[in-house]
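Peer 1: Sequence:
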Amino acid sequence: MSLAGRALILVNVDGAWDKENKVGGVAVVFRDSEGKFLGVVSRIFEDVFSFIQAEVLAIRVGLETRVEWGLNMIGFESDSLQIFSHLSTISEACVAHIRRQANSVAHRLACFAPHCGNDCTWLDVPPSIICDLLEEDVHVPCTN
Numbered sequence: 001m002s003l004a005g006r007a008l009i010l011v012n013v014d015g016a017w018d019k020e021n022k023v024g025g026v027a028v029v030f031r032d033s034e035g036k037f038l039g040v041v042s043r044i045f046e047d048v049f050s051f052i053q054a055e056v057l058a059i060r061v062g063l064e065t066r067v068e069w070g071l072n073m074i075g076f077e078s079d080s081l082q083i084f085s086h087l088s089t090i091s092e093a094c095v096a097h098i099r100r101q102a103n104s105v106a107h108r109l110a111c112f113a114p115h116c117g118n119d120c121t122w123l124d125v126p127p128s129i130i131c132d133l134l135e136e137d138v139h140v141p142c143t144n
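The letter at position 105 of the sequence shown is residue 105 when you use full-length UniProt numbering, and the numbering goes up by one with no holes.
What the hints contain is simulated information worked out from the structure, not anything from laboratory work. Predicted, not measured: the structure shown is a model, and the values here were computed from it. Glycine included, every Cβ here is placed at the ideal spot set by N, Cα and C. Wrong hints could be hidden among the right ones.
[Claimed, not checked] Quick list of simulated restraints, FRET-style, between CB atoms: (1) S50 / G70: 27 to 35 Å; (2) F51 / N72: 26 to 34 Å; (3) S33 / E68: 14 to 22 Å; (4) T121 / L8: 19 to 27 Å; (5) D18 / Q82: 13 to 21 Å; (6) L8 / D47: 33 to 41 Å.
Whenever a hint applies, use it, and build me the whole structure from the sequences.
Peer 2: Set out below in C-alpha cells:
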C-alpha cells in the first residue's frame with residue numbers, strides 16, 4: 001500500500017546495518033505527493049546492534065528532520081514490516097508498508113551512508129548516487 005496521493009509529503013525511510021562494525025546507516029527521502037524529489041538526509045550511527053535499531057533510527061531522523069524543516073503533513077513509507085506494524089498502531093501516524101523495490105532510493109543511500117564518512121543533507125538537487133533510481137521512480141530527469 002502506497003501513501004501517494006494521500007499525504008502532502010512522502011517520507012521513505014530505510015536503515016542498513018553493518019553487524020561486524022556495529023555501524024548503522026540511515027536514509028530519509030522526502031518527496032511531494034507526485035513523487036518530485038524535495039530532499040534527502042543520510043546519517044551514520046555507531047553502536048548499532050540490530051537491523052531493527054537501524055530502521056528505528058531512520059524513523060527518528062525522519063521525525064527530527066520534519067520538525068527541523070517545518071513540514072506538517074507527512075506520510076512514512078518503510079519496507080520494514082516490523083516498523084510498519086509498530087507505527088501503524090499510532091493513530092496520529094500515517095504509515096504504509098511498501099516492497100523493498102519501492103524503497104530503493106532510501107535503501108541505496110542507507111547502505112552507502114556508513115561508507116560516506118559523515119552525515120549528509122541534500123535539498124532540491126539529489127546526490128548523483130540516487131539519480132538513476134529517482135528517474136526510474138517518477139520518470140523525471142535528475143537536475144544534477
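Peer 1: Confirm or reject each hint.
Peer 2: Evaluated hints:
1. S50 / G70: 27 to 35 Å: holds (32 Å)
2. F51 / N72: 26 to 34 Å: Since the Cβ atoms of F51 and N72 sit about 30 Å apart, the hinted range of 26 to 34 Å holds.
3. S33 / E68: 14 to 22 Å: holds (21 Å)
4. T121 / L8: 19 to 27 Å: This hint holds: roughly 20 Å between Cβ atoms.
5. D18 / Q82: 13 to 21 Å: For Q82 against D18, whose Cβ atoms are near 19 Å apart, the range 13 to 21 Å holds.
6. L8 / D47: 33 to 41 Å: At roughly 35 Å between Cβ atoms, D47 and L8 fall inside 33 to 41 Å, so the hint holds.
This entry satisfies every hint, going by the numbered hints stated previously.
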